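Chemist: Going down the list, the protein sequences come from chains A and B. When the letters of the first sequence are read in order and numbered with our numbering, they come out as residues 1 to 660. When the letters of the second sequence are read in order and numbered with our numbering, they come out as residues 1 to 660.
Quick caveat, the hints were computed from the structure, so don't treat them as lab data. These figures come from a predicted structure and were not determined experimentally. Here a beta-carbon is modelled for each residue, glycine too, at the ideal position from N, C-alpha and C. Where hints are given, some of them may not hold.
Covered stretches of chain B, as calculated for chain A (at least 3 residues, CB under 8 Å) [to be verified]:
| id | region |
| --- | --- |
| 1 | 52-62 |
| 2 | 225-234 |
| 3 | 307-314 |
| 4 | 418-424 |
| 5 | 588-600 |
Listing some non-contacts, in silico: residues in chain B with all C-beta distances to chain A over 12 Å [unchecked claim]:
| id | residue |
| --- | --- |
| 6 | N21 |
| 7 | D81 |
| 8 | S171 |
| 9 | K255 |
| 10 | Y265 |
| 11 | Q325 |
| 12 | Q327 |
| 13 | T351 |
| 14 | S356 |
| 15 | G362 |
| 16 | N475 |
| 17 | T548 |
| 18 | L579 |
| 19 | H646 |
Chain by chain, the residues run as shown.
Protein chains: 2
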Amino acid sequence: MNPDISRERENASFNPEILTNILDGGAEKTRRRREIESLVIGDPDFQHEDLNFLSRSERYDAAVRKSAQMILKLREYGISDPEEIYSYKSCVHRGRPEPLDLHLGMFLPTLLNQSSPAQLEAFFMPAWNLEIIGTYAQTEMGHGTHIRGLETTATYDPSTQEFVLNSPTISSIKWWPGGLGKTSNHAIVLAQLYTQGKCHGLHAFITPIRCMNTHMPLPGVVVGDIGPKFGFDEVDNGYLKLENVRIPRENMLMKYAKVEPDGTYVKPPSDKLTYGTMVFIRSMIVGESARALSKSCTIAIRYSAVRHQSELRPGEPEPQILDYQAQQYKLFPLLATAFAFHFVGQYMSKTYHRISGDINQGDFSELPELHALSAGLKAFTTWVANAGIELCRMSCGGHGYSRCSSLPDIYVTFTPTCTYEGENTVMMLQTARFLVKSYKQARAGQQLTGTVSYLNEPQSRIQPHSVSSQPTVVNINDLASLVEAYKFRAAKLVEMAAKNLQAELQHSKSNEDAWNNNSIDLVRASDAHCHYVVVKLFAAKLSEIGDTAVHSVLSTLALLYALHGVALNSGDFLQAGLLTVPQLAQISKRLKGLLSELRPNAVALVDAFDYRDEMLNSALGRYDGNVYEHMFEWAKRSPLNHTEVHESHHKYLKPLRSKL
Amino acid sequence: MNPDISRERENASFNPEILTNILDGGAEKTRRRREIESLVIGDPDFQHEDLNFLSRSERYDAAVRKSAQMILKLREYGISDPEEIYSYKSCVHRGRPEPLDLHLGMFLPTLLNQSSPAQLEAFFMPAWNLEIIGTYAQTEMGHGTHIRGLETTATYDPSTQEFVLNSPTISSIKWWPGGLGKTSNHAIVLAQLYTQGKCHGLHAFITPIRCMNTHMPLPGVVVGDIGPKFGFDEVDNGYLKLENVRIPRENMLMKYAKVEPDGTYVKPPSDKLTYGTMVFIRSMIVGESARALSKSCTIAIRYSAVRHQSELRPGEPEPQILDYQAQQYKLFPLLATAFAFHFVGQYMSKTYHRISGDINQGDFSELPELHALSAGLKAFTTWVANAGIELCRMSCGGHGYSRCSSLPDIYVTFTPTCTYEGENTVMMLQTARFLVKSYKQARAGQQLTGTVSYLNEPQSRIQPHSVSSQPTVVNINDLASLVEAYKFRAAKLVEMAAKNLQAELQHSKSNEDAWNNNSIDLVRASDAHCHYVVVKLFAAKLSEIGDTAVHSVLSTLALLYALHGVALNSGDFLQAGLLTVPQLAQISKRLKGLLSELRPNAVALVDAFDYRDEMLNSALGRYDGNVYEHMFEWAKRSPLNHTEVHESHHKYLKPLRSKL
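Could you build all of it, start to finish, from the sequences and the hints given here?
Modeler: Shown next as structure tokens:
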């Protein structure tokens with residue numbers, strides 16, 4: 001054990017294990033998570049060479065091998081709780097996406113939720129037993145966010161009782177679905193349904209794409225891998241071009257909408273039914289933001305505790321870089337953010353489960369708010385975590401660029417969350433739509449509930465004030481007061497956006513133009529709303545913490561999170577009259593104080609995230625702090641070192657001598 | 001040609017060719033640059049498969065092949081002007097780093113500048129003719145920024161007149177030098193010189209590391225590749241461990257410092273001599289920031305002109321995504337930044353060349369300011385460009401994640417600039433040191449010159465005011481007034497940092513502690529200073545533009561750049577009393593207006609950067625806008641598509657069926 005990092009642990013003021021239990025949701029959950037991790041990490045079937053040393057084809061191969069093993073073992077061990085499956089799977093693939101993700105996470109659940117009983121009978125068990133391996137083919141080369149714009153067609157032919165599937169243009173080629181390129185033999189294809197000469201919009205069709213025996217593409221099917229990406233090297237994201245592919249009528253998913261044998265179309269009872277899945281996935285992504293950021297903080301903070309550099313005081317040894325204020329200012333607000341997002345993730349997951357009961361009972365009353373909140377928080381947390389991972393990487397100096405740090409891998413694995421499952425700016429605008437609607441309802445005298453209830457509060461509180469004529473609103477040392485300030489900032493920005501929208505309507509051609517011409521304000525309002533929710537939930541979590549020492553350090557983190565956000569957005573708070581100019585200097589001073597307070601607990605705080613070395617896979621982030629030894633061992637295994645002399649020397653460089 | 005993108009070009013209000021000439025520094029330079037580009041791009045010896053489809057070893061191999069060809073052809077064509085060599089080289093390697101970079105850019109120049117005449121004789125021609133291939137081995141595993149901390153030792157043995165080189169610890173292993181792993185047979189090793197029992201600090205030693213015949217590592221030399229990184233796949237960044245390696249006395253670079261045969265050490269005349277190179281390289285990096293950002297903007301803006309998505313108005317066709325205000329708000333400020341950085345790069349290069357004449361004459365008077373400015377601007381521009389590339393990538397939706405967009409490659413190639421040649425936070429603190437020193441000089445009545453002369457202006461102008469008692473300082477429609485506002489903001493933040501430093505000294509143990517405890521303020525002051533310099537240089541450039549149409553569009557960009565910066569940092573401007581709260585709403589409105597004004601010229605503006613398709617290598621950024629066709633062609637060539645059925649199907653997935 002590196003003595004620097006041991007000393008850090010000795011100096012901590014709290015017991016990390018208690019905090020780990022809080023993050024896991026209880027001591028029993030921690031125990032079970034660790035049990036599963038040991039099961040996987042000790043299993044020789046899941047060992048592999050560092051993926052960074054392999055070619056893409058080898059990485060795909062290794063991932064398929066492990067996924068196949070995983071399916072067998074999950075059944076062997078009887079692991080069936082979704083959370084435990086998730087734990088096991090993350091552990092097998094070390095948090096990376098894998099070729100069967102869409103089969104397990106989209107194909108099977110969609111079959112389950114949208115099949116008629118006959119379809120369940122026909123498709124579910126073969127899919128459960130991986131004879132049928134499927135994916136979910138929605139996005140097309142020219143169409144992502146706006147799914148109504150999808151061009152793939154499914155035209156019903158009553159003479160043969162078949163649908164004829166086509167990709168009529170190049171932009172209609174299905175593009176991006178995971179596992180589509182090489183792994184799947186079926187796809188649930190989203191296509192515009194045409195029957196009896198009329199288009200009935202998007203419907204889902206179970207489409208065989210490869211031969212069940214030879215795995216060769218079926219006639220009319222052009223399928224393949226879309227090529228290398230920024231990360232996701234283990235996944236065969238694919239393309240699919242359909243040329244008059246015929247499938248039986250029974251292959252349209254018919255639990256809700258139907259096409260009868262003669263071609264008569266029967267409408268689905270409600271369009272809110274597919275809403276729930278989206279909300280669920282976006283809520284999950286909030287948790288992913290927390291995990292990606294907490295892993296990155298673990299690596300950067302442990303490394304900063306063992307890395308020595310430069311001189312603080314002449315003649316003295318080089319200090320740990322964690323002692324530099326500039327380094328603390330990069331990492332500690334991110335550490336606070338990681339905790340904040342963990343608690344927001346817990347809240348979202350709990351709320352989803354509470355509400356999904358209601359949804360199944362046909363009560364959709366809370367869905368719009370949860371929908372808006374999950375969209376906004378998905379965008380808010382992924383943007384922040386995305387930038388935060390890179391800040392962690394760059395805070396590790398040169399070594400952060402090495403693949404042995406794992407930080408590049410964390411980034412490329414995480415960054416697509418800003419785009420998939422709802423492009424972030426589009427998500428922010430969806431939340432804004434809900435906020436503006438709620439604002440109007442509040443102005444019309446309706447009593448709002450939930451996270452937007454602040455829009456009901458007296459308008460006088462959120463009018464702009466000239467700074468001099470108004471008492472200071474915020475107490476910068478009091479978290480509750482800061483939560484209020486965030487609330488009024490959000491209210492102010494929602495109001496401004498709504499009023500600008502109203503003003504724009506006077507001289508815009510349409511509602512839509514007015515909306516577009518105020519997008520900047522609308523995104524800003526959503527951002528402020530989400531920021532408020534995060535600060536509020538972090539503060540609320542504190543009241544649940546019994547342990548005094550843990551409560552104390554989490555309170556410091558929460559205050560740091562809140563004040564850092566005020567400092568970064570000081571213009572908003574000044575503009576809203578929630579802050580005075582002299583307070584800015586006080587905040588700046590207080591922030592420095594909080595960094596010093598946190599310094600002795602930094603390593604213990606990342607220890608509490610409880611990532612095993614095998615999960616982090618980072619030479620810089622090792623628990624024992626023995627960084628350099630492991631970097632050297634890792635480098636020696638680099639493929640370029642398999643031979644002492646690379647063949648290019650003999651081919652190009654040595655012959656050059658005689659030519660010059 | 002895609003009709004959308006043709007229409008964009010027809011609607012532009014200016015002639016892009018004129019702007020291209022301005023960016024190149026004259027029509028003749030544009031002509032010559034294009035001539036060189038055609039020479040390389042038409043040359044069959046430089047053709048290659050997309051690097052993204054190759055393994056790392058193949059990529060290294062291809063790069064070495066092209067570098068060897070390049071050396072031959074540069075001599076064949078008699079290209080010897082450094083700028084033209086740079087152009088040719090960028091074109092051969094499409095802007096990527098390559099294995100001979102350190103040989104050409106560090107090893108040869110260091111030999112030239114620091115060799116004694118006898119050393120020049122012995123080493124320069126063999127190195128020029130690539131018999132000797134060298135690198136520059138400075139950083140060690142445990143030591144980067146703080147080069148005085150390097151641990152490698154060179155101990156003089158007068159009995160044999162040799163230096164004995166050692167890596168005494170694991171942290172002293174040389175780590176990161178480009179071309180060290182497999183390519184070089186020599187390295188200039190930076191080591192602590194010991195002679196006659198005394199350490200004389202860092203000196204440079206020409207060290208043979210591989211056999212000139214077999215290319216095998218020499219006895220006592222442990223050398224290899226440091227493993228895969230985030231980008232830089234073509235470069236063999238290496239490690240070097242020295243175990244009692246003996247080199248002749250004549251191998252220490254002795255133009256300045258010397259060790260005599262008996263071991264007597266002779267000091268160098270000045271330590272400022274190596275300063276110039278650092279300043280030069282940092283100035284060059286400012287230009288790199290401009291290039292990386294302008295490439296990214298070219299790709300994102302062209303793609304946004306041909307990509308259609310969602311509905312602006314119900315029933316109408318999906319609009320070009322460039323019509324969305326939110327998209328414009330992401331891309332146009334970055335476009336303005338790219339132009340700003342181009343002009344700053346031109347200024348830095350011109351200033352460097354002006355001053356380097358003086359330096360050669362022994363006049364170092366302007367060096368401290370240029371040193372501080374190049375450090376700060378290197379950090380300022382690389383941070384902004386780094387985040388900007390990612391914003392461009394994410395603005396392209398899913399396809400930005402595909403390697404065919406080239407955006408991931410631009411990012412991973414560029415991002416190390418934030419760390420190498422001076423870690424950015426360290427750079428900002430260096431600039432701050434100069435600013436604080438200048439501030440004190442100004443307070444002591446000295447008349448400052450150059451970019452910091454504003455610190456001489458009356459203090460009353462930069463005192464905090466209560467907003468209500470003070471007339472508005474800034475006219476948000478006047479660039480000159482905005483430049484003034486940036487100036488006063490910088491002055492204010494420098495003053496605050498200096499005063500906080502002074503106050504901290506009352507209760508700090510030392511100057512160094514006080515400095516560390518104010519790093520946040522100091523970095524912020526440097527950032528504001530650099531921001532001011534960029535706005536000022538952009539504004540100054542406008543006066544040189546003769547063409548009315550180009551002048552007009554550049555003025556719009558400059559105003560956008562300045563106002564966007566005010567909006568992002570509104571707290572600072574409010575705090576300094578340079579802005580009133582009602583002005584914030586005006587700025588927000590004006591920004592929206594500027595986005596609309598720029599919209600018709602966006603494609604023509606990126607055309608003016610004049611990147612050939614072969615240089616961009618991006619399916620999304622193609623000049624002809626035929627994005628989807630080329631994505632599809634590219635994907636079909638993906639290595640995973642070389643076979644219809646991947647072997648993993650037969651190995652793992654098919655056998656699974658019988659086991660479940």
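Chemist: None of the hints should be skipped; say for each whether it holds.
Modeler: These are the hints, each one checked on the structure:
no. : hint    : result
1   : 52-62   : holds (count 7)
2   : 225-234 : holds (count 8)
3   : 307-314 : holds (count 8)
4   : 418-424 : holds (count 5)
5   : 588-600 : holds (count 3)
6   : N21     : 34 Å, holds
7   : D81     : 20 Å, holds
8   : S171    : 5 Å, violated
9   : K255    : 26 Å, holds
10  : Y265    : 22 Å, holds
11  : Q325    : 4 Å, violated
12  : Q327    : 8 Å, violated
13  : T351    : 28 Å, holds
14  : S356    : 28 Å, holds
15  : G362    : 30 Å, holds
16  : N475    : 19 Å, holds
17  : T548    : 29 Å, holds
18  : L579    : 9 Å, violated
19  : H646    : 4 Å, violated
Going through the hint list in order, the structure does not satisfy hints 8, 11, 12, 18, 19.
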